[in-house]
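Asks: Listed below, chain by chain, are the residues.
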Amino acid sequence: MSASSAEASGETPSKDPVSGRLLSWVSTVDHKKIGILYISTALVFLGIGGLEALLIRVQLLFPNNTFLSPGLFNQMFTMHGTTMVFLVGMPVLIGFQNYFVPLMIGARDVAFPRLNAMSYWLLPFGGILLYFSFMTGQAPDAGWFSYAPLSTKPYNLMPAQDYWIIGLICLGIGSVAAAINIFVTVLQCRAPGMSLQRVPLFVWMSLMTAILTILALPALNAALAMLMIDRLLGAAFFEPARGGSALLWQHYFWVFGHPEVYILILPAFGMISEVIPVFSRKPIYGYAFVAGSSAVIVLLSYGVWAHHMFAVGLGMGADMFFAVGTLLIALPTGLKIFNWTATMWGGSIRLTTSMMFAVAFLLEFVIGGLTGVMFAAVPIDWQLTDTYFVVGHFHYVLIGGTVFGVFSATYYWFPKMTGRMLSERLGKWQLWLWVFGLNATFLSQHVLGVMGMPRRVYTYAEPGWMALNAIAGAGAVAMAAGTLVLLLNVWVSLRKGERSGDNPWGGFTLEWATTSPPPPENFDVIPRVESRRPVWDLDHPDSADSKFEKTPEDNGWRPDKSVTSVWAFVASEAMFFLLLLVSYVVFNTDQTGDIRSASVLDVARTGLFSIALLGSSFTLWRAESLLKAGRIPQFRRWLMLTIVLGSIFIGGQAIEYYGLISSDVTIDDNLFTATFFTVTGFHGLHVIVGLIALSILLGLAVKQDRNVLSGTALKAVGVYWHFVDVVWIAVFCIIYLRFLQ
Amino acid sequence: MIELIGDKILWNWWSPVWLVALLVTIAYGRRFGWKNHAKTAWLTTGLAVLVFAFVSPLGVLADGFLFSAHMIQHLLLLLVVPLCLVLSLPVVKSGAFPPAGGLSRLLSKPVVGWLLGLGAMWFWHVPAFCNAATESYAIGIVRSVSFLLTGILFWWPIYSPSKESRLPASNAVVYLFSACLGCTLLGIYITFTTITVCPAFASPEERLAMMTALYDAGMTSAVDQQLGGLLMWVPPCSLYVFAIISVLCRWYSVDDTEALALQAKTMVEASS
Amino acid sequence: MSNFPVFDPASPQAEAIRDLFVQVLWISGGIFAIVAGLICIAIWKFRSNETLPTQDFGSHRKEIAWIVAPVIVVLWIAAISAKLVLTYNAVPQAHPPGQQDADLIVTGHQWWWQVDYAGTDIVSANEIHIPTGKRLRVKLSSADVIHSFWVARLARKMDAIPGRENFIWLQADKVGTYTGRCAEFCGTQHARMNFIVVAHEPEDYEKWLAGEKTVPPAPTDAKALAGRSTFLSLTCSQCHAIAGVSADRSIAPDLTHLASRRDLAAGVIPNTPENLRRWLKDPAAFKPGCKMPDFKLTEAQLDELVAYLETLK
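Residue numbers (this note's numbering), protein chains in the order written: chain A, 1 to 741; chain B, 1 to 272; chain C, 1 to 313.
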């Protein structure tokens with residue numbers, strides 16, 4: 001797909017056509033090409049993940065089947081889940097966001113094109129790391145949520161689990177970087193007149209997704225870091241036999257995992273919020289409600305993680321509170337269905353493939369949502385959690401929701417991306433194959449769950465479960481066939497598809513104001529925006545929205561992009577440290593044994609070094625104000641002083657570590673040392689990164705670099721540096737001064 | 001259970017809170033009058049909740065018997081009553097609130113409101129302070145008063161009667177969301193910690209009939225503290241989410257042109 | 001309904017959950033019918049025509065109006081589940097002093113269940129015997145990774161977690177055998193970690209209990225005697241315990257009354273002498289990856305061991 005779309009986009013071929021074209025893709029920083037790379041990579045992994053799903057279905061076709069060994073089966077479902085979430089779902093959505101968010105807000109590119117390329121390349125890198133584990137003889141096999149202690153060394157000796165951890169950390173860093181990019185792009189690069197209350201809903205949902213990603217991924221990263229320290233350095237965070245906790249992993253994983261569900265579904269909400277209005281030839285019904293309720297989902301999604309843990313025995317109170325939270329979050333989610341239906345109501349509906357996928361989304365997603373509400377009724381969850389009922393439920397959400405949304409968007413936006421239409425006839429084939437496949441597979445699985453079939457079993461003995469498993473298998477084949485139809489459709493269309501023109505559907509938003517495919521700079525003239533549907537306004541001057549619906553005006557203010565991105569990064573890092581500190585508190589409320597914070601830490605000495613670190617915040621602030629006043633030599637001196645103070649702190653930490661390690665206090669001694677070294681180690685790493693950044697700034701300042709002297713770079717690094725200091729204050733109070741003990 | 005609530009011991013009819021309510025009513029009437037019914041309704045609700053928090057069994061149980069009852073009282077005093085009181089103030093054009101002056105200008109800063117609002121929450125749950133406030137009547141009064149005052153300061157940047165002292169929408173959302181995070185952390189800590197956060201409740205000096213009944217139903221002091229932690233966590237966060245919804249409504253509404261112009265102004269100031 | 005254990009409850013708790021489930025199913029079905037109906041009507045009634053439809057941006061009043069019904073539904077579901085949580089889950093962690101903290105202690109192992117009958121010396125595996133009509137307090141824990149204890153017809157599901165104790169009520173109204181499974185993924189043989197709960201009339205239960213309390217008499221048969229010495233001389237006794245013999249490890253299932261159990265290897269095969277022989281010969285053939293090694297026993301050793309183990313009634 002990639003090579004041919006380059007052709008379609010009319011690139012000037014370089015001297016050596018093949019390698020030149022390849023190089024243009026590998027070295028690209030164009031958001032549209034990166035978007036296509038994301039989508040193509042996701043498609044490759046969809047093939048792999050789909051194959052794993054088919055193998056799973058074959059193994060479960062009849063009782064006591066021996067097609068796959070138990071070990072291989074466990075690897076298959078682990079890799080299927082991990083692949084579909086991290087290598088298919090997130091990348092394909094980020095791909096569409098990459099391509100269309102800048103176009104829809106009238107920008108020439110994302111805020112940080114090079115960061116964008118880095119985020120993308122972390123994806124194949126992480127994916128290959130994950131799949132490289134097969135070379136070690138065995139893929140990860142602890143399930144996509146890798147519950148500890150099953151994923152810890154005593155129960156999982158193979159290196160596959162380590163590949164899983166490292167691969168996921170790579171993918172996590174890539175996702176956070178991509179999310180920060182989208183976040184800043186939406187806030188900073190909007191066309192004149194486009195206030196945040198006027199952005200297309202797909203853009204708004206992308207913004208919400210970015211916030212979710214920035215704040216949720218660090219929870220996973222913290223958990224992965226701890227698991228890795230357990231596995232590779234012999235700590236015992238998750239080993240109950242050595243005082244660790246078997247539940248902490250679950251808490252952290254689901255603090256990430258539940259927002260993750262919304263990371264996967266909100267962009268799909270955005271997609272069909274674009275498709276349904278266009279094919280109903282009406283504006284979205286209740287824009288503010290659809291957008292605002294998504295913001296509420298973002299907030300609530302952090303408070304419902306424990307509904308994945310009703311069966312672990314958290315107690316009645318916790319169960320009920322989380323149940324109520326879950327039921328609450330169902331409201332803003334479910335009520336959007338009414339908005340979409342009301343948008344169609346009274347419209348003039350064209351049932352194109354794209355629209356039909358959107359309608360299929362509504363119907364199937366409602367089923368997934370309703371079974372979700374069933375799980376929020378705690379006693380039902382007690383019976384049905386960890387059965388095939390759950391598997392059925394979340395596939396209705398993720399296929400009926402995310403996948404159908406993506407298909408809808410594919411048929412809607414493909415003409416914009418390539419300048420050619422996809423075949424409607426093949427599209428309908430794909431639609432019905434998928435609708436049949438989805439319901440055959442996952443409706444059967446709901447029934448299997450009620451029949452008592454637990455999930456993740458490699459085989460079963462009950463003959464009564466065979467028929468439904470066979471139907472589920474047939475459905476899986478239908479979905480695979482549907483995917484092949486899509487590939488065929490794309491292939492045919494790229495070769496001899498009908499030319500689409502700039503705006504084949506009568507779209508409303510800015511991406512339709514440019515050519516198909518858009519030129520590298522996106523727009524010749526960036527249009528002025530006066531309503532939520534700028535292209536509609538151009539096409540229908542008499543009934544332009546700006547005359548009928550008043551929306552808040554753009555005040556013209558845009559934040560500085562480097563400072564905004566650092567704030568977003570700092571927010572993400574704050575979550576990371578917060579979770580590490582929480583684990584410190586969890587494991588150290590009552591310390592016993594010889595090695596305790598009171599017995600091994602020298603509070604006075606570290607206090608002295610802490611003063612150096614805090615002092616460096618002051619000197620940096622001083623440097624900033626001197627730069628603002630234009631007193632460059634003094635500014636350089638104070639910046640230098642900041643670096644010296646930071647280095648003194650790091651030196652102090654090195655002395656402390658040396659002292660501890662030489663008196664045989666190491667990370668694998670007990671939970672105090674494990675948490676102590678983890679928290680202070682990560683903090684030290686951040687200080688070192690900050691020192692490097694400050695040194696680069698100093699070097700550039702000596703060379704009279706204009707960017708540095710303009711002050712924004714210093715301001716951005718300053719935000720980070722002050723943050724690192726604030727974290728240290730918390731670390732010092734909790735670990736050294738033993739607050740909360 | 002019903003007959004237990006009817007128990008005379010559980011009602012504190014002679015609480016001095018009546019006097020406070022009366023004084024507030026008189027002061028409000030003299031300053032603003034009673035013309036605006038919506039505002040009067042907010043005031044009435046606020047004062048009714050205030051009186052309820054002390055006079056009803058809730059107030060009595062909160063006084064050293066049940067940690068979870070204490071937590072409900074705490075939330076009413078810190079969040080609900082101040083919110084109602086702030087909302088009961090009539091909208092003013094500009095400048096009238098807060099009266100100009102060093103201290104009041106400092107107190108109307110959002111950072112201060114946030115720190116004091118959350119600070120009160122954290123401070124009074126340090127075991128030593130929590131115990132002292134429960135055991136000593138005087139410190140208990142200090143605590144209640146500090147809840148009410150810091151609560152007003154907390155809500156001020158969101159619902160201040162003067163539009164120019166309100167935070168712009170994006171900042172208001174961050175303000176409320178981070179506050180939610182703050183009480184979530186405290187709630188999680190109280191719920192899951194093995195430490196007794198407020199020893200006064202774990203071993204009350206005397207037992208009421210109601211408590212024995214509750215104990216038999218499984219309400220041990222550990223469960224009581226867990227429940228208290230959850231109450232610290234979920235209801236305030238729900239309240240903050242509702243506040244965020246109201247901020248978003250304000251943000252999307254267009255008639256508020258005045259606020260928008262102000263928002264532009266503050267943002268430009270912030271950026272420069 | 002026997003194929004649908006969730007709909008075929010045999011205890012008050014499971015019945016209450018079933019009732020709740022059925023009610024929520026009806027509510028969900030109703031909601032789906034309304035939503036799907038509205039969508040279908042919209043598609044049919046407003047299919048494409050050439051005129052430009054009225055541009056309707058929405059109305060706050062209507063939106064608020066249609067929030068009301070979902071809020072009521074959600075509150076209702078919260079209320080009925082809260083009622084159930086509070087009545088049937090009420091297993092206070094603290095128990096009145098003087099009473100034992102549980103009637104049964106169930107410990108999950110990779111991949112079998114250990115059952116201790118509190119107040120007695122009885123230890124068994126993969127089979128739980130209970131009297132009918134009595135509510136028993138079960139303490140759940142795990143020796144290795146997280147498992148989940150699930151007897152769909154009798155009780156809620158509850159995880160067995162290492163380093164933690166969970167409690168549930170277990171009760172059966174009718175005599176019968178109820179299937180239980182491990183519901184949390186716990187490694188290679190998660191699929192084959194089943195157990196049964198056998199409910200007896202109270203007097204039969206007493207009889208069973210008495211039988212279980214007695215140590216099986218030493219074998220008299222020569223072959224069985226030889227089997228016993230094979231059991232003790234090979235490493236069997238490093239993992240398995242048999243009361244009355246110098247074997248008291250509890251890493252693997254207790255074999256004291258092995259011959260009286262229904263199944264072998266956590267519900268994998270029926271317990272017959274032939275199956276026992278096949279199992280001993282090559283455990284991995286039935287349960288690949290299981291912790292019991294293949295001892296490469298000779299045919300004679302197999303015969304002796306089976307003869308001995310079959311005496312353990």
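By construction, these hints were calculated from the structure, which means they are not laboratory data. Accuracy of the hints is not assured; some may be wrong.
[To be verified] Simulated pairs of lysine-lysine, DSSO-like, Cα-Cα distance not exceeding 30 angstroms: (1) C:Lys213 <-> C:Lys174; (2) C:Lys62 <-> A:Lys547; (3) B:Lys39 <-> A:Lys547; (4) B:Lys163 <-> C:Lys45.
[Stated by the list, open to error] Reference listing, derived: stretches of chain A covered by chain B, where coverage requires no fewer than 3 residues with Cβ under 8 angstroms from a Cβ of chain B: (5) 290-298; (6) 586-594.
Every residue, glycine too, gets a C-beta built ideally from N, C-alpha and C.
Asks: Would you mind marking each hint as holding or not holding in the structure?
Replies: Outcome of the hint check:
As the CA atoms of lysine 213 of chain C and lysine 174 of chain C are separated by approximately 24 angstroms, the hinted pair is consistent with the 30 angstroms bound. Taken as a hint, the lysine 62 of chain C and lysine 547 of chain A pair is honoured in the structure, with Cα atoms around 23 angstroms apart against an allowance of 30 angstroms. The suggested pairing of lysine 39 of chain B with lysine 547 of chain A is violated, with an alpha-carbon distance near 35 angstroms, which exceeds 30 angstroms. This hinted pair does not check out: lysine 163 of chain B and lysine 45 of chain C have alpha carbons roughly 47 angstroms apart, beyond 30 angstroms.
Beta-carbon proximity to chain B at under 8 angstroms applies to 4 residues in the stretch 290-298 of chain A; the threshold of 3 is reached and the given coverage holds. With 3 residues bearing a CB less than 8 angstroms from a CB of chain B, the stretch 586-594 of chain A meets the requirement of three and the coverage assertion stands.
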